[in-house]
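Peer 1: Following the hints, complete the assembly by docking chains V, U and P onto the known chain S.
Protein chains: 4
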Amino acid sequence: MGATTSPSLQVAIGERFRSTRRQTIALCEPLTPEDMMVQSSPECSPAKWHLAHTAWFFESFILREFLPGYRLFNKDFRWLFNSYYVSFADFPEKRIRSSFSRPGLDEILSYRVYVDRGIEDLLDRNSDPGVLKRIELGVNHEEQHQELLVTDVLNAFFTNPLRPAYQSEVPKSTGSSGPAPAMFVSFQGGLVDVGSTGEGFCYDNELPRHKVWLEPYSLAVRLVTNEEFAEFIAAGGYRKSELWLSAGWDAIQQNGWRAPLYWSEENGEWRVFTLRGEFSLAQVASAPVSHVSYFEADAYARWAGKRLPTEFEWEAAAIGTPVEGNLMDSGAFLPQPIATANGDDGLTQLFGDCWEWTASAYLGYPGFKPLEGSLGEYNGKFMSGQMVLRGGSCATPKAHIRSSYRNFFSPETRWQFSGIRLANK
Amino acid sequence: MGATTSPSLQVAIGERFRSTRRQTIALCEPLTPEDMMVQSSPECSPAKWHLAHTAWFFESFILREFLPGYRLFNKDFRWLFNSYYVSFADFPEKRIRSSFSRPGLDEILSYRVYVDRGIEDLLDRNSDPGVLKRIELGVNHEEQHQELLVTDVLNAFFTNPLRPAYQSEVPKSTGSSGPAPAMFVSFQGGLVDVGSTGEGFCYDNELPRHKVWLEPYSLAVRLVTNEEFAEFIAAGGYRKSELWLSAGWDAIQQNGWRAPLYWSEENGEWRVFTLRGEFSLAQVASAPVSHVSYFEADAYARWAGKRLPTEFEWEAAAIGTPVEGNLMDSGAFLPQPIATANGDDGLTQLFGDCWEWTASAYLGYPGFKPLEGSLGEYNGKFMSGQMVLRGGSCATPKAHIRSSYRNFFSPETRWQFSGIRLANK
Amino acid sequence: MGATTSPSLQVAIGERFRSTRRQTIALCEPLTPEDMMVQSSPECSPAKWHLAHTAWFFESFILREFLPGYRLFNKDFRWLFNSYYVSFADFPEKRIRSSFSRPGLDEILSYRVYVDRGIEDLLDRNSDPGVLKRIELGVNHEEQHQELLVTDVLNAFFTNPLRPAYQSEVPKSTGSSGPAPAMFVSFQGGLVDVGSTGEGFCYDNELPRHKVWLEPYSLAVRLVTNEEFAEFIAAGGYRKSELWLSAGWDAIQQNGWRAPLYWSEENGEWRVFTLRGEFSLAQVASAPVSHVSYFEADAYARWAGKRLPTEFEWEAAAIGTPVEGNLMDSGAFLPQPIATANGDDGLTQLFGDCWEWTASAYLGYPGFKPLEGSLGEYNGKFMSGQMVLRGGSCATPKAHIRSSYRNFFSPETRWQFSGIRLANK
Amino acid sequence: MGATTSPSLQVAIGERFRSTRRQTIALCEPLTPEDMMVQSSPECSPAKWHLAHTAWFFESFILREFLPGYRLFNKDFRWLFNSYYVSFADFPEKRIRSSFSRPGLDEILSYRVYVDRGIEDLLDRNSDPGVLKRIELGVNHEEQHQELLVTDVLNAFFTNPLRPAYQSEVPKSTGSSGPAPAMFVSFQGGLVDVGSTGEGFCYDNELPRHKVWLEPYSLAVRLVTNEEFAEFIAAGGYRKSELWLSAGWDAIQQNGWRAPLYWSEENGEWRVFTLRGEFSLAQVASAPVSHVSYFEADAYARWAGKRLPTEFEWEAAAIGTPVEGNLMDSGAFLPQPIATANGDDGLTQLFGDCWEWTASAYLGYPGFKPLEGSLGEYNGKFMSGQMVLRGGSCATPKAHIRSSYRNFFSPETRWQFSGIRLANK
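Chains as they are written, first to last, in this note's numbering: chain S, 1 to 425; chain V, 1 to 425; chain U, 1 to 425; chain P, 1 to 425.
Next comes chain S alone, as it looks inside the complex (with noise of 0.2 Å):
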């Protein structure tokens, strides 16, 4: 007889798995089914396809693998919604998602129906840990692409020339008092151990745990503000070519970027475009900056006198900081300011509001292992030419995000809510 799990940890994951569920569904509502269809850029995918491509890993790598007699619901969607797990399938192009107009939204959504039963009946039957941990490990897969959807919403929502909201309604917060002081904190180093510690789940690019020897160093209490980054524009600093990287400064120019991704200049002033509609800048200055590129934060950083963190300074501040912040339980959809941080209370926005920039690349820690078969292409095969961000964002489930997470994506990535955290020696 196989091992066994506790009857409790059984329902909780069948919990977490449902409310997942309804909660992908939910973020849909505000959508049209002609919405789910648009990928506004090739790093983007349809909504709908993301509603889809949840229930195929859920039926490719738990369903096929583990539930008995489990017939597929549509022997094409094994290969048609697979992403990019070259080992298990054949997959179509990324760009030419946006063409699955079949099937329907309706049928997707009949295939998470199926894949949701399915799911059930395994839980049922089975309690093997193996079994739960995989469930788990789909959960966080939906979690993940839950924050993508809603991105790629915002990139959708931003290209179509209309301009529509996702949310009407605007959250109290928005545009209140300003910021507090951008003090810092100061950490003493030394040998740290990072990485996670094993209990909860976790993925595998965050194994093993490690040690790692940090010098002294301090963190501002808070994220870079709207208003701060502003003051980085006025002051000519997309045309200051000594505060780029070399390969930042050939994007600025390439792309001709001189702002922050879904801003706009109009009369002068500055617009800032979100999911709940379009804001002047002053309507949001002291909201955290967001949607700039790793080599936005990295020129703004040296402009400030400053510098960025690295995940592992990112990461010993953070450990033992409970996960609250403005994630996407909220409802806020947009990064929001803070009342008051004097450092007193140590730092802030820690999880939440934005994905921070580290000056860290994305690479495998020593002894790094990645997950047997087709799962092992999760994570591993991206480490190279990324850096990490850490603490989530207001688009990140807060069951998703911990200390030890991270999040990777190529420097002139900027469609994902991203901004900056400064570091000082």
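Fair warning: there could be bad hints in the mix.
The calculated lysine-lysine pairs, modelled on BS3-like cross-linking and capped at a C-alpha distance of 30 Å, are [claimed, not checked]:
#	chain 1	residue 1	chain 2	residue 2
1	S	240	P	75
2	P	425	S	133
3	V	240	U	75
4	U	211	V	211
5	P	425	S	75
6	S	94	P	240
7	V	211	V	240
8	U	369	V	211
9	V	425	V	94
10	S	425	S	94
11	P	240	S	211
12	S	425	P	75
13	S	133	S	211
14	V	211	U	425
Worth flagging that the hints you see were computed from the coordinates, not collected in a lab.
From a predicted model like this one, the values you see are computed outputs, not experimental measurements.
Peer 2: Below, chains V, U and P without anything else, positioned relative to chain S:
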């Protein structure tokens, strides 16, 4: 008092307007709102966009100008659905039309109804020939977009890896008996008049009527078939540089072309995708080959020891021939074989089935004058780098085509129903 | 016994061969071996390559075929210096010609001497008209490359940030008095014969001689000047979309063109770079504008309320005019103003100064037959996507040009001496 | 009075300056002036440009600053031979360096002599340690360009279809007996100090010296050989996606890579092009594989069940090892096999033969401070998107390399002598 026109013309234009508008909607019958979002290549547009843009044309160039007190349906639509009339208004980049999830299909249909009422209103109170002529232009414009809508759907469904069919039922004649022998009909040439006679509607690019000198020539009685083109492929046609124009040779290398668009090879057999699903080559052997570029048409002709006709050889041969054939009105939506064609009855397939690539570059006729104002951009500004096609296709409305009609595309274009008629000295 | 030819023709061809070969070397007089390595754009070739390729042509298509016992100078050269004759041999990608540091210039000069001796040998013992005709073709081929060599040097020296001059001394006439008024000369048109009469050498693309019908037309007595073109710029010509073909409008945006090639703006004044160094616009105000694309020529004509002539209007007007003008033989190496041109003496600048863009696409004449074998690739395979230019330039050898001569380049080409003659209804 | 330095240091720097400058010229011995014009890829530069740019460096950052009354050799050279120091002066686009036929080689050689005299003058009268340090920087800069000059010549000669050899004579050891078994040497790791100790010259990117924590690890005693890499190819290494980073898989598809750069297949056998001409694979079987990208090094390691070392594992293992090996000074100009390496004597080939790709991204050390002023652009601005290589190659001057030396290139780079050392556990 201004010029007036006979009531019958007014009635006739009204009827033509209504039936054309109905036909556009009828073409969308097999499509879902999601299908109508797809833009599968930069040269294509979503079906929903075609619906909107054709309404926009009537609104912008007719109602705005001629209907007193007309109020725009939505002032954003003025630029949102402009295609390329630089002098009229700004317009979005063509490639982002697939991001127009809003306005939704329902709103576009309301837009069409609103515009229809405007035109009816105008027809009721106005019999000015200039206005009627402009409405006739709008009708012809919409007919062009009907054809584009159909060819864009074909491209969209081919791009979708599931390859759905637009029409499921296969028309009787597909897969009929073999084609008639490709005999040639002789013409004596001489000094002939070409261009529109001015009777009935024509575009500015069909004028002025003028003389050209033609040497004696002959034309094949029918179009080249799929079977014949497959022989060219089998004979290594795509690998023999001596058969190709230099730019064509470059194009087939760069694009990896080795067969017409929508052909694919499976286990050594050619499959041909159409609006009625995928067929084996054998099933459509006798039908005209379609979706070839000018380069492929030209190379085929060279391989066959023949050449392509000039647009004037074609026109001189077609003058006086009644407009009949496998046009959109037949409802086949794919090129069809002919039963017999021995040349006794003259040329066949002149109208419909496939547009016929000619050896003529698309240039202005001697004394060419574009329409006044923004409508001058309709045809004239494309007079470089394109080749003329003649005769219409199975996606061209019958009312739209005539012997003086000049279609034009760049020589690498393949997504239209474009085929081959051979000429001989 | 084969056909023979008169001794005088044999002598004449021999002399023409020798003087052409000498002239090629003379053109390199101002160049260093390092200069002769530069390939400053993909459409250009290094001067050394021109020296080698023109020897290769005589070797490959004449000595190899007709001189018994001829041994190749170096068997690698057979493919190394092939330009684009796919059916003759492989050839290196054009863009890597600048890597041919070996063979060195000395070896290429030896190659030329070796080939020269071969041709002399052949001329001594052979009076076959076919052979003489082929040598004549080789001479004409070399003349074309003389022009390319000169225009490629201009491009190379312009690319070099130091902008050296090819010829330092400035010819007297530059900066002369103002141009004559741009009057128009009328022609009655009708049914005219165009194409080579068959007397003297011609390329295959000038045949067959055939009839075309021309409506009455008129041509400007001289070319458009730099000063006139500067007015077009000053009037915002490059910013008015209504003046441009659609492809031209795209081209000027993508390339950032706002003046002819080799013009640059310095402190609000235009400077014009030439083979004789850089001039202020004032110094060359009366000289014909050069280095404009077809798109710019066409836009200028539209702005001026005129049009470009067709190639046949040009030819019909030029037939019978003696070939005289500012051709390569004048040694000016830049377009020159004319003293007076009131139309009483007919058209001026027909030959030389600048190639004149025509409104005709480059296509085969009715019944066109390319040369047999690999030489069939000389002209025929370029018959798509190009426009015809007529009349030769200041870099065209006088012996090379004639009224039936058809030059051709793609419409965005600017590195040739290409200018504008206006036509009027 | 400022700080002074010991006469012996002044003498030593002088001698090092002279020998380095002589060596640069010596490297050009086998080259013609035409060879020195070639720029065969955008990442390469012409040899003549290297000669000029290294003189420019001494002129711009030393003579201009420190030699009273120094007059520029040619004021245009100030920007003409600037490479990428944005804050110093404008500079031409890198890709047009092959258009610099003027100034000719003779003038560049005079420029070098002129600058040499200036430096001698400065050395005669100045013993300021800051000045000496700057001259030392200039010497190191020139050494880097010596290596680039050599690797750029290799690329140029490979691009030339005739594939000339830089050195004709083949060194004795090539084609020697088989390589020693690839044993591994163990290291215990722990908290180690890395970075320059500050003794002797170092670049800013080797500082500050700092601590890192290393887990126990082992390194292969020698580099991977051509023969071993050929086994990877034969085993389908380039076709197995599971071996590759995602960006690497994309790179090999897009570039069509299926072997290291400079390998070509002929009749089923691999040929390897080198600075000493082309060899069969058998002839160089035991030599280290070179000219592989990071992606290929990483994929090879994964296939072999090993991994690449981090830069700190490499450095910790190399500290204290004397700098000896097949460096530029050996004159071999290609990687060489080793006779025996059983690990008893520790690691071999640490210095020379091939730069060793490490698994470390090129980032600043904790507390990194770039040099002041324009020289701060030397290293710091490239700290994104690049990987670190360690150990020098057969084209690296012996005096240039050390255990703390960090070379860096983007992961797809192949034109340097870049090879593979495996790490384990």
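Peer 1: Are the hints correct? Go through all of them and say.
Peer 2: Hints, one by one, checked against the model:
no., hint, result
1, 240/S - 75/P, "holds (25 Å)"
2, 425/P - 133/S, "holds (27 Å)"
3, 240/V - 75/U, "holds (25 Å)"
4, 211/U - 211/V, "holds (12 Å)"
5, 425/P - 75/S, "violated (41 Å)"
6, 94/S - 240/P, "holds (20 Å)"
7, 211/V - 240/V, "violated (38 Å)"
8, 369/U - 211/V, "holds (25 Å)"
9, 425/V - 94/V, "violated (42 Å)"
10, 425/S - 94/S, "violated (42 Å)"
11, 240/P - 211/S, "violated (34 Å)"
12, 425/S - 75/P, "violated (42 Å)"
13, 133/S - 211/S, "holds (26 Å)"
14, 211/V - 425/U, "holds (16 Å)"
In this structure, the earlier hints numbered 5, 7, 9, 10, 11, 12 are contradicted, and the remaining ones agree with it.
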